[in-house]
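Protein sequence lines correspond, in order, to chains A and B. Heads up: the first sequence begins at 1 in the working numbering, then just goes up one per residue. Heads up: the second sequence begins at 1001 in the working numbering, then just goes up one per residue.
No wet-lab data here; the hints were simulated from the structure. For every residue, glycine included, the Cβ atom is placed at its ideal position computed from N, Cα and C. Honestly, I wouldn't trust all of these hints.
Stated by the list, open to error - Listed next, the stretches of chain A that the computed footprint assigns to chain B, with coverage defined by at least 3 CB atoms under 8 Å from CB atoms of chain B:
#1 51 to 63
#2 76 to 87
Claimed, not checked - Straight-line alpha carbon distances no greater than 25 Å define the calculated PhoX-like cross-link-like pairs of lysine-lysine that follow:
#3 B/Lys1068 - B/Lys1079
#4 A/Lys79 - A/Lys368
#5 B/Lys1333 - B/Lys1052
#6 B/Lys1052 - B/Lys1368
#7 A/Lys200 - B/Lys1269
#8 A/Lys269 - A/Lys200
#9 A/Lys372 - B/Lys1199
#10 A/Lys372 - A/Lys68
#11 B/Lys1130 - B/Lys1199
#12 B/Lys1329 - B/Lys1368
#13 A/Lys368 - B/Lys1052
#14 A/Lys68 - B/Lys1368
#15 B/Lys1269 - B/Lys1333
#16 A/Lys372 - B/Lys1372
#17 B/Lys1079 - B/Lys1130
#18 A/Lys329 - A/Lys269
#19 B/Lys1052 - A/Lys68
#20 A/Lys368 - A/Lys52
#21 A/Lys269 - B/Lys1200
#22 A/Lys329 - A/Lys52
#23 B/Lys1052 - B/Lys1068
What the hints assert, rightly or not - Derived contacts from chain A toward chain B, CB cut-off under 8 Å, selection only:
#24 Val112
#25 Gly172
#26 Met279
#27 Gly327
#28 Asn331
#29 Asp334
#30 Gly338
#31 His355
#32 Tyr359
Given next are the chains, with one letter for each unit.
Protein chains: 2
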Amino acid sequence: MTVDLLNIDTPALILDETKMDANIARMRDKARSLGVTLRPHLKTSKCWEVAKRQLWTPQGPATVSTLKEAEEFALHGVKDMIYAVGIAPQKLPRVAALVRRGVDLKIILDSVEAARLVTQYCQKESLEIKVLIEIDCDGHRSGLTPDSAEIINVARALEAPARLVGVLTHAGGSYDVDTHEALLVRSRGERDGICRAAKKLRDAGYELSIVSVGSTPTALTDEDLTGVTELRAGVYVFFDLFQAGVGVCQISDIALSLLVTVIGHQMEKGWVITDGGWMALSRDRGTANQKIDQGYGLVCDVHGHLIDDLWVSGANQEHGIISARNGRKINPKDFPIGMRLRILPNHACPTGAQHPCYYVVNNSLEIKDCWKRFYGW
Amino acid sequence: MTVDLLNIDTPALILDETKMDANIARMRDKARSLGVTLRPHLKTSKCWEVAKRQLWTPQGPATVSTLKEAEEFALHGVKDMIYAVGIAPQKLPRVAALVRRGVDLKIILDSVEAARLVTQYCQKESLEIKVLIEIDCDGHRSGLTPDSAEIINVARALEAPARLVGVLTHAGGSYDVDTHEALLVRSRGERDGICRAAKKLRDAGYELSIVSVGSTPTALTDEDLTGVTELRAGVYVFFDLFQAGVGVCQISDIALSLLVTVIGHQMEKGWVITDGGWMALSRDRGTANQKIDQGYGLVCDVHGHLIDDLWVSGANQEHGIISARNGRKINPKDFPIGMRLRILPNHACPTGAQHPCYYVVNNSLEIKDCWKRFYGW
Chain A
1 MTVDLLNIDT
11 PALILDETKM
21 DANIARMRDK
31 ARSLGVTLRP
41 HLKTSKCWEV
51 AKRQLWTPQG
61 PATVSTLKEA
71 EEFALHGVKD
81 MIYAVGIAPQ
91 KLPRVAALVR
101 RGVDLKIILD
111 SVEAARLVTQ
121 YCQKESLEIK
131 VLIEIDCDGH
141 RSGLTPDSAE
151 IINVARALEA
161 PARLVGVLTH
171 AGGSYDVDTH
181 EALLVRSRGE
191 RDGICRAAKK
201 LRDAGYELSI
211 VSVGSTPTAL
221 TDEDLTGVTE
231 LRAGVYVFFD
241 LFQAGVGVCQ
251 ISDIALSLLV
261 TVIGHQMEKG
271 WVITDGGWMA
281 LSRDRGTANQ
291 KIDQGYGLVC
301 DVHGHLIDDL
311 WVSGANQEHG
321 IISARNGRKI
331 NPKDFPIGMR
341 LRILPNHACP
351 TGAQHPCYYV
361 VNNSLEIKDC
371 WKRFYGW
Chain B
1001 MTVDLLNIDT
1011 PALILDETKM
1021 DANIARMRDK
1031 ARSLGVTLRP
1041 HLKTSKCWEV
1051 AKRQLWTPQG
1061 PATVSTLKEA
1071 EEFALHGVKD
1081 MIYAVGIAPQ
1091 KLPRVAALVR
1101 RGVDLKIILD
1111 SVEAARLVTQ
1121 YCQKESLEIK
1131 VLIEIDCDGH
1141 RSGLTPDSAE
1151 IINVARALEA
1161 PARLVGVLTH
1171 AGGSYDVDTH
1181 EALLVRSRGE
1191 RDGICRAAKK
1201 LRDAGYELSI
1211 VSVGSTPTAL
1221 TDEDLTGVTE
1231 LRAGVYVFFD
1241 LFQAGVGVCQ
1251 ISDIALSLLV
1261 TVIGHQMEKG
1271 WVITDGGWMA
1281 LSRDRGTANQ
1291 KIDQGYGLVC
1301 DVHGHLIDDL
1311 WVSGANQEHG
1321 IISARNGRKI
1331 NPKDFPIGMR
1341 LRILPNHACP
1351 TGAQHPCYYV
1361 VNNSLEIKDC
1371 WKRFYGW
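I would like the entire structure built from these sequences, with the hints used as guidance.
In structure tokens, the structure reads:
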């Protein structure tokens, strides 16, 4: 018996390889046309089979969001990584273990306090750890503002064998806009901010080999990255309804979907009930604040074709409620019990994280492979 | 070196055993005082070490939300289970495999269509599978309304060797209220609804051994369950901020928390940044629609004591942003880099699901055990 979308257990995470490959090619071409290195963020997939298709070379460069990701990808031979979340001293032994194994893992920080802790650790261990200073280009999270005098103080606090190698920023605020013009402002702000910070450090005599920017929306909008050495982006590998809402992909580009089975109906309400609840879709409702709220997801047939005006209007832990947006009642006969559907998610990162593996399909219902994901920290 | 909350890797899921034990005892006493059997829902923990403390006997009874749960708990010897999500025909082979191994796994359904599919399967396999009809007592999800004529049609469509053994309802609508009076209405509605459905079936000549109700809020509110045989509830084992908002527990009863580490600050904004983002807390923002929005969670010191007016006001994948509700700026000196904090979650079920294990503590910082969780379907 062929293993296909009609007979595997549900809910199950489906990955359309053709769409993924196109998304990967698009970002690779974009980085090439901008003349910068692509350092893909591997946090979205947490899967070597996906990651290796994104990487420029098998050794990297790559970005990770957890030390678990760094450790897993290092096992597959990835050497050049940035752990792009501010470091805490308790995490340094795991960083050091990787560095001692020959992994070129770089860390980031944004304070004199953290710089001193890293310096102390490196001196105690007689170990060089490479550091980037995190810059805040849009006020959405961590980092020092590009014009902060504190940048130089942090650089000074980083003493050998700790070594400053660059600056990094992430225009996370780009997730909040949805026009090309607004994205251009974010993209330019990201580039200008990181270049000002880099200039400040170089003027003070520091050598920087890495000037790193990136978010999927700004990466796909960038027109000129003069002064920047590399581009980071993650969710582009699968895309999702949220990125479609931002305007940097089409709904037809989304490579990830949740395969579900119809388990019942509420006739009077016109609902179809499936086994795809929020445990399988995640609780992410990122599109709720966009122009078009996509509920817990849009509904496709088993082949991945969008169906009319259906959406997942509600979800419990293991139940998804599908209804029609225009208020019409869905005819239960069109969606018999046992029928298979595919749901496009709000956000690929949290939806993916709910699943042990990806079932890979390629222009047919047949499952050509099952790629394992890891999770945890 | 003692393994404790100051030196394990973060983010990490912490389980306060003393609080969990008190929550378990409270629900057990409640069921006993109502004169009904407690059939705990094991979907919250997905962990045998937790589940075995909730069960009346090592064989059950228990409720599960996935066949994976049924299979995992069956390996530990649990026999009497209800899979409380409407069945689809593709799932019957896994049900049958358990039944053939001697597991008394019951399924639920709410349509003639599903009843026929189950009957056909049981006849083809010459296998008895026990079935409960799902009743909808409050319009929130699945099930037939208590007075629906369709209930008898479903019972008729269940032919031997499929066997009707009972009725089941879940007052999920109780999650939307927050006063004792409103909870009492939900609790009585749940009981009255299921009793009307049971009477209808018994009047038609069907024998029912199970009349099952339950949700954590109604279970803790019930005053009289005459006519009901058993009570189901799940999240009570840990409780969470959402249940505190409903009013059925105190914040101090919450047994589950996320241990995080301070990784930075935004001085001008008065933010503390931690490594506990939405990947570790989940995207659940259930309290957003309650009287008190608790953000992504409330902040405790490492000992579990609530801190002033702090909350997790924002979260990215691996970043948590802690701020003060009253607008004051948090002094970074009070929360140095490397400091450990504990976050009380909105909803124990999705937060738990992000983690491979529970680190168990008991009135100290020392970790007395690590209990594995399973995930997937």
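To see whether the hints hold, each was checked on the structure:
Judged by the Cβ-Cβ criterion of 8 Å, the stretch 51 to 63 of chain A is not covered by chain B as claimed, because only 0 of its residues qualify and three are needed. Requiring three or more residues with a Cβ within less than 8 Å of a Cβ of chain B, the coverage given for the stretch 76 to 87 of chain A holds, as 3 such residues are present. Taking the CA atoms of B/Lys1068 and B/Lys1079, the gap is near 14 Å; set against the 25 Å cutoff, the hint holds. For a cut-off of 25 Å, the pair hint linking A/Lys79 to A/Lys368 is broken: about 29 Å separates their Cα positions.
Our distance criterion of 25 Å between C-alpha atoms is broken by B/Lys1333 and B/Lys1052, whose separation comes to about 44 Å. The straight-line distance between the Cα atoms of B/Lys1052 and B/Lys1368 is roughly 18 Å, inside the 25 Å bound, and the hint therefore holds. At most 25 Å may separate the alpha-carbon atoms for a hinted pair to count; A/Lys200 and B/Lys1269 meet this at roughly 23 Å. For the hint pairing A/Lys269 with A/Lys200, the CA-to-CA distance comes to about 62 Å; that exceeds 25 Å, so the pair is violated.
A threshold of 25 Å between alpha carbons decides the hint, and for A/Lys372 with B/Lys1199 the separation of about 50 Å lies outside it, so the pair is violated. For the hint pairing A/Lys372 with A/Lys68, the CA-to-CA distance comes to about 15 Å; that is within 25 Å, so the pair holds. At most 25 Å may separate the alpha-carbon atoms for a hinted pair to count; B/Lys1130 and B/Lys1199 meet this at roughly 19 Å. This hinted pair does not check out: B/Lys1329 and B/Lys1368 have alpha carbons roughly 36 Å apart, beyond 25 Å.
Distance hint between A/Lys368 and B/Lys1052 is unfulfilled; the C-alpha atoms sit about 39 Å from each other, more than 25 Å. For a cut-off of 25 Å, the pair hint linking A/Lys68 to B/Lys1368 stands: about 24 Å separates their Cα positions. Our distance criterion of 25 Å between C-alpha atoms is met by B/Lys1269 and B/Lys1333, whose separation comes to about 14 Å. As the CA atoms of A/Lys372 and B/Lys1372 are separated by approximately 19 Å, the hinted pair is consistent with the 25 Å bound.
At roughly 13 Å between alpha-carbon atoms, B/Lys1079 and B/Lys1130 fall within 25 Å of each other, so this suggested pair holds. For the hint pairing A/Lys329 with A/Lys269, the CA-to-CA distance comes to about 6 Å; that is within 25 Å, so the pair holds. Proximity of B/Lys1052 to A/Lys68 is assessed by CA-CA distance (about 31 Å); at most 25 Å being required, the pair is judged violated. Between the alpha carbons of A/Lys368 and A/Lys52 the distance comes to roughly 18 Å, so the proposed pair stays at or under 25 Å and holds.
For the proposed pair A/Lys269 and B/Lys1200, the alpha carbon gap of about 23 Å is at most 25 Å, so the pair holds. Distance hint between A/Lys329 and A/Lys52 is unfulfilled; the C-alpha atoms sit about 45 Å from each other, more than 25 Å. Taken as a hint, the B/Lys1052 and B/Lys1068 pair is honoured in the structure, with Cα atoms around 17 Å apart against an allowance of 25 Å. For A/Val112, the shortest C-beta to C-beta distance to chain B is roughly 10 Å, which exceeds 8 Å, and the interface hint is violated.
About 7 Å separates the beta-carbon of A/Gly172 from the nearest beta-carbon of chain B, less than 8 Å, and the hint is met. Among the interface hints, the one on A/Met279 holds; its C-beta lies about 6 Å from the nearest C-beta in chain B, closer than the 8 Å criterion. Checking A/Gly327 against chain B: minimum C-beta separation of about 17 Å lies over 8 Å; hint violated. For A/Asn331, the interface hint is violated, the least distance from its beta-carbon to any beta-carbon of chain B being 13 Å, above 8 Å.
Here the hint on A/Asp334 is broken, as its CB sits about 13 Å from the closest CB of chain B, past 8 Å. Hint status for A/Gly338: holds, given a least beta-carbon distance of 5 Å to chain B, under 8 Å. Interface hint status for A/His355: upheld, as the beta-carbon distance to the closest one in chain B is roughly 7 Å, under 8 Å. The beta carbon of A/Tyr359 is not positioned within 8 Å of any beta carbon in chain B (closest approach about 12 Å), and the interface hint is therefore violated.
Checked against the numbered hints listed earlier, the structure breaks hints 1, 4, 5, 8, 9, 12, 13, 19, 22, 24, 27, 28, 29, 32; every other hint is satisfied.
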